[in-house]
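Asks: Fit chain R to the known structure of chain C by using the hints.
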Amino acid sequence: MKRPLRVVVAKIGLDGHDRGAKVIAAGFRDAGFEVIYTGIRQTPKKVAAIANQEDADVIAVSILSGAHNKLCGKLMELLKEQQADDIVCLVGGIIPNRDIEYLKSIGYAGVFTPGSELGDIVNFVKEKTKDRNQEYSL
Amino acid sequence: MGLIDDMLNGSQRALSRLITLSENDEEARQEIIKRIFHSIGNAHIVGITGPPGVGKSTTVDAVVTELRGRGKRVGVIAVDPSSPFSQGAVLGDRIRMQGNDENENLFIRSLASRGKLGGLSKVTNDVVKLLDAFGMDVIIIETVGTGQSEYEIAKMAHTTVIVLSPGYGDGIQAIKAGILETGDIFIVNKADMNGAAHAVKDIVGTVEFNFAVNEWTPPVIPVIAKKQEGIEIFVNELENHYNYLKESNLMEKKSKDRIEQEIEEHITSWIETNVLNYISHSGQKQKIIEQIYQKMDDPISLIHSHIKEMINGNFVK
Chain C
1 MKRPLRVVVA
11 KIGLDGHDRG
21 AKVIAAGFRD
31 AGFEVIYTGI
41 RQTPKKVAAI
51 ANQEDADVIA
61 VSILSGAHNK
71 LCGKLMELLK
81 EQQADDIVCL
91 VGGIIPNRDI
101 EYLKSIGYAG
111 VFTPGSELGD
121 IVNFVKEKTK
131 DRNQEYSL
Chain R
1 MGLIDDMLNG
11 SQRALSRLIT
21 LSENDEEARQ
31 EIIKRIFHSI
41 GNAHIVGITG
51 PPGVGKSTTV
61 DAVVTELRGR
71 GKRVGVIAVD
81 PSSPFSQGAV
91 LGDRIRMQGN
101 DENENLFIRS
111 LASRGKLGGL
121 SKVTNDVVKL
131 LDAFGMDVII
141 IETVGTGQSE
151 YEIAKMAHTT
161 VIVLSPGYGD
171 GIQAIKAGIL
181 ETGDIFIVNK
191 ADMNGAAHAV
201 KDIVGTVEFN
211 FAVNEWTPPV
221 IPVIAKKQEG
231 IEIFVNELEN
241 HYNYLKESNL
251 MEKKSKDRIE
261 QEIEEHITSW
271 IETNVLNYIS
281 HSGQKQKIIE
291 QIYQKMDDPI
301 SLIHSHIKEM
311 INGNFVK
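Just so you know, the protein sequences line up as chains C and R, in that order. Mapping to UniProt numbering: the first sequence position 42 is 42, numbers consecutive. Mapping to UniProt numbering: the second sequence position 27 is 27, numbers consecutive.
In isolation and in its complexed conformation, chain C is listed as follows (with noise of 0.2 angstroms):
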């Protein structure tokens, strides 16, 4: 079943800066995937509930504030709860080195900080969705 990618750009936490996400927002456009923009000032739960009643591929996490750790941990932990983790995600800001190998060893992808190539960060959402179970029975 060949099919656009369903992305979830979502910003978490309180802070307001969205000029990141929107870019890559319109990255993933220009790449023929459908995205859903939440809007800013999200919550994980919302995040969560969102990407469950769009069926996400992807969420792909923006965060400026600090909290990332936190907040994306939170997220993480309610995915698994509703058995959503086989969801690739994502998280892009401004993120210290030390906390990027903790966001990957609780279950992130891959996570891009400033200077990161919208080009890359396309192939590396296709390459890790390339063998996402897509089975089903009716």
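A hint or two may mislead.
What the hints assert, rightly or not - Computed cross-link-like contacts, DSBU-like style, restricted to lysine-lysine with a CA-CA straight-line distance of at most 30 angstroms: (1) K22/C - K122/R; (2) K126/C - K80/C; (3) K34/R - K46/C; (4) K246/R - K46/C; (5) K116/R - K126/C; (6) K45/C - K227/R.
Just so you know, the hints here were simulated from the structure itself, not pulled from any lab data.
Replies: Relative to the frame of chain C, chain R by itself:
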């Protein structure tokens, strides 16, 4: 147990997967519709349409709040346009639908129009059926921001709501044919802006002009969706209209209109897919292009003769 049973037992994740499948997998789509077809027909289907920027999503959010307050289970389908170049889309209706938490009584799904004109997407009808089978009392379809002639929603919904805002054209815009003839309820959003009273008056005038012989005169309601003002009155009118349909014989007519539209859509899409596949794969497309380019034949006669030939022969695999 499969996805359909899970969905009928209340799993949102199954509902969500089924929507994706009906959007992308024609075989799955047929099977899904076949199996849920007998458990549908109970929801009030409301279409919300209007030009870009008048506040459709904000209005939907306010209406959901009111309906949830009345204990209703609500499904929302929000359609946004796909890019004609990349086929990608940014679906942003949720940004203005933040007033309510998604839970078992509220399901919101964003759909990309995927090249379909008319403000909807090809599978909107299927998603309506799925939400209906899931047990939603009210299903709200928010169209792509539309112009003057995208009125397909009126055939799909029981109640069509046109959202306008002050400054949207003058009296002449309002008596043109098209979208304004299809509204069952009009709302003028941003009613705290200059010119709101004038806009209401304009639309009331048009409505009286267009609907003089009907039993149902569409109400024109000023609202400020952002502040929830006027929404209670609006939702009362939604219920009034639904009751009016049920009490008159119009419900049957509307349902049959919807079936007619579905039949036409399925036929069109089936023929389009098969004919286009046929002429592309048989290599005839390039020949046709060349013949027209060389002015050997005009496009209309040439295409007609090809289509007739295909229909007479057995062109489907």
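Asks: Compare the structure with each hint and give your call.
Replies: To see whether the hints hold, each was checked on the structure:
1. Proximity of K22/C to K122/R is assessed by CA-CA distance (about 27 angstroms); at most 30 angstroms being required, the pair is judged to hold.
2. For the proposed pair K126/C and K80/C, the alpha carbon gap of about 22 angstroms is at most 30 angstroms, so the pair holds.
3. Taking the CA atoms of K34/R and K46/C, the gap is about 33 angstroms. The hint is violated against a cut of 30 angstroms.
4. Only pairs whose Cα atoms come within 30 angstroms are accepted, and K246/R paired with K46/C is rejected, the gap being roughly 37 angstroms.
5. Among the hinted pairs, K116/R with K126/C is consistent with the structure: their alpha-carbon atoms are about 26 angstroms apart, no more than 30 angstroms.
6. Note on K45/C and K227/R: the hinted pairing holds, with a Cα-Cα distance of about 25 angstroms set against a maximum of 30 angstroms.
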